[in-house]
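Start from the sequences and build out the full structure, keeping to the hints where you can.
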Amino acid sequence: MKLVIVRGGGIGGPVTLTELDSDQLSSADSQALAEQVDRADLGNVPEPATRRRQPDELLYEIVVHNGGERLILRFSEATLPDEIRLLIQWIDGRPERSQSLAPR
Amino acid sequence: MYQSGWVCCQIAPPDLLARLAAEGDAAQREAAIQTLAASASLRTQRGLLGRLRREVGVGAAEIAGLAGLEPSSSRQTVYDNQHNGRSFLPGVRARGDDDAPVQDAAVNDAFDATWATYDFYHAIFERDSLDAAGMELVSTVHYGVDFDNAFWNGAQMVYGDGSGRVFQVGGLTRSIDVVAHELTHGVTDFTAGLVYSKQSGALNEHMSDVFGSLVKQHSAGQTADKADWLIGADTLVPALGRALRSMSEPGTAYSGDRQPGHMDDYVDLPDDNDPRNDNGGVHINSGIPNRAFYLLAVNLGGFAWEKAGRIWYRALTERLQPDTVFTEAAELTLAVADELYGPDERAAVENAWQEVGVLS
Numbered sequence: 001m002k003l004v005i006v007r008g009g010g011i012g013g014p015v016t017l018t019e020l021d022s023d024q025l026s027s028a029d030s031q032a033l034a035e036q037v038d039r040a041d042l043g044n045v046p047e048p049a050t051r052r053r054q055p056d057e058l059l060y061e062i063v064v065h066n067g068g069e070r071l072i073l074r075f076s077e078a079t080l081p082d083e084i085r086l087l088i089q090w091i092d093g094r095p096e097r098s099q100s101l102a103p104r
Numbered sequence: 001m002y003q004s005g006w007v008c009c010q011i012a013p014p015d016l017l018a019r020l021a022a023e024g025d026a027a028q029r030e031a032a033i034q035t036l037a038a039s040a041s042l043r044t045q046r047g048l049l050g051r052l053r054r055e056v057g058v059g060a061a062e063i064a065g066l067a068g069l070e071p072s073s074s075r076q077t078v079y080d081n082q083h084n085g086r087s088f089l090p091g092v093r094a095r096g097d098d099d100a101p102v103q104d105a106a107v108n109d110a111f112d113a114t115w116a117t118y119d120f121y122h123a124i125f126e127r128d129s130l131d132a133a134g135m136e137l138v139s140t141v142h143y144g145v146d147f148d149n150a151f152w153n154g155a156q157m158v159y160g161d162g163s164g165r166v167f168q169v170g171g172l173t174r175s176i177d178v179v180a181h182e183l184t185h186g187v188t189d190f191t192a193g194l195v196y197s198k199q200s201g202a203l204n205e206h207m208s209d210v211f212g213s214l215v216k217q218h219s220a221g222q223t224a225d226k227a228d229w230l231i232g233a234d235t236l237v238p239a240l241g242r243a244l245r246s247m248s249e250p251g252t253a254y255s256g257d258r259q260p261g262h263m264d265d266y267v268d269l270p271d272d273n274d275p276r277n278d279n280g281g282v283h284i285n286s287g288i289p290n291r292a293f294y295l296l297a298v299n300l301g302g303f304a305w306e307k308a309g310r311i312w313y314r315a316l317t318e319r320l321q322p323d324t325v326f327t328e329a330a331e332l333t334l335a336v337a338d339e340l341y342g343p344d345e346r347a348a349v350e351n352a353w354q355e356v357g358v359l360s
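Chains A and B, in that order, are what the protein sequence lines are.
81 is the number that this note's numbering gives to position 81 of the first sequence; each next residue is one higher, with no gaps.
135 is the number that this note's numbering gives to position 135 of the second sequence; each next residue is one higher, with no gaps.
Some hints could be false.
[What the hints assert, rightly or not] Among the chain B residues that face chain A by a calculated CB cut under 7 Å, a handful are:
(1) 145
(2) 149
(3) 150
(4) 151
(5) 153
(6) 154
(7) 185
(8) 244
(9) 256
(10) 275
(11) 298
(12) 306
(13) 310
Just so you know, the hints here were simulated from the structure itself, not pulled from any lab data.
Being a predicted model, the structure only gives us computed values, none of them experimental.
Beta carbons: idealized from backbone N, C-alpha and C, even for Gly.
Here you go:
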């Protein structure tokens, strides 16, 4: 399983891309990632309600590649579910993750 | 749905009141907002009103008007989110009007930059806070964990610490123009209400950059020719770039900066929630009006807030509409320049917009 997080909008500046592949993790950490993903229940996240966009709000795209399937979810800072925020924080804290500027 | 004639009372739970404010009929909506505003302590009130803004999209001006909010006795308060994120806004009170500096640099930086911004708007434009009616300025620092952003959430300013990978740790609150940029989003919210999408969104961003830069120049006592015209200088880690934007040379602030400085290079992006597309390029195409303002300010000379800033302020607060686009904004600033100063200044404004290709 590979997760890709794209962050843009915000106050401006670079659009960043963070990637973590479970193949790079130990079996224990790979299991921990799977549990984080299960907890976030990414396949059943309700469509965020249409909201008035707030200036400089961070925008998120989360892409999950899993066994040939791909799931893409998009949120703003105001609509990001807490479970997915925790998943992102967990990924940000992993030394195995890579971070780069997103291609334009 | 809710029955007509429902009367809000203090026993109603805040969640129900918030739903009524969002989904009820006009009378229910008004009653719910008034009840929320009237029954809560200041901190709870701020939290609830902020939640209304965040979760149901009620506008700042709408809340203030419906709730009949009196000007707060506080000018500003800075709170500490203690890294808890959205559900803990505004956070723990850290510093208010008459408090001495605290040990936390982020609190003091946000406090000082907010004062400088309040002072600028008050001294130059006689504007009393964001709503021109003494609204308390609420800031929260230490938002989230390693959070790489600062934003106006419709009720308050919010600052992350920066991760050290994209933004320097503490860089966002250290930057007076970033703080003034965020506060100006509040001014825009209460005045032109520029919709945050495509050209009107780029004008919203442009106005925040203009007054963000002017607050920095005013604080430093700089004339237009001495200013760096950078937004967020030294906020990014050095490997990424020197600033978030350059008003004088759009597209040169950081590696990958694609701001245009002329309509020939306008970047037409969809507003589709894709973070790469930036709400239809609001931080990208703002480079075009930004450069027009820079050219005007340098051409007029002296302090940029004296003439150019005054023209833009009147346009923002009295002329621009939520759906204003670049050419309309240009025409409106021409008219304001003529009203305030005369044909020479009008011609200078026209030349600036022509140089960036907005007017021909």
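Right, here's what the structure says about each hint:
Annotation: residue 145 of chain B was flagged as interfacial toward chain A, and the flag holds, the nearest CB pair being 5 Å apart, inside 7 Å. The beta carbon of residue 149 of chain B is positioned within 7 Å of a beta carbon in chain A (closest approach about 4 Å), and the interface hint is therefore held. Interface hint at residue 150 of chain B: satisfied, since its Cβ lies 5 Å from the closest Cβ of chain A, which is below the 7 Å cut-off. Look at residue 151 of chain B: its Cβ gets to within about 4 Å of chain A, closer than 7 Å, so that hint holds up.
Here the hint on residue 153 of chain B is kept, as its CB sits about 5 Å from the closest CB of chain A, short of 7 Å. Interface restraint check: residue 154 of chain B against chain A, minimum CB-CB distance 5 Å, threshold 7 Å, status holds. For residue 185 of chain B, the shortest C-beta to C-beta distance to chain A is roughly 4 Å, which falls under 7 Å, so the interface hint holds. Because the smallest distance between the Cβ of residue 244 of chain B and any Cβ of chain A comes to about 5 Å, under 7 Å, the interface hint for this residue holds.
Of the supplied interface hints, the one on residue 256 of chain B holds, with its beta-carbon coming within about 5 Å of a beta-carbon of chain A, less than 7 Å. Hint on residue 275 of chain B holds. Least Cβ distance to chain A is approximately 3 Å, under the 7 Å limit. Checking residue 298 of chain B against chain A by beta carbon gives a least distance of about 23 Å; that is not within 7 Å, so the hint is violated. Restraint check, residue 306 of chain B versus chain A: the minimum CB separation of about 27 Å is more than 7 Å; hint violated.
Among the interface hints, the one on residue 310 of chain B is violated; its C-beta lies about 23 Å from the nearest C-beta in chain A, farther than the 7 Å criterion.
Consistency with the previously given hints fails for numbers 11, 12 and 13, ordered from lowest to highest.
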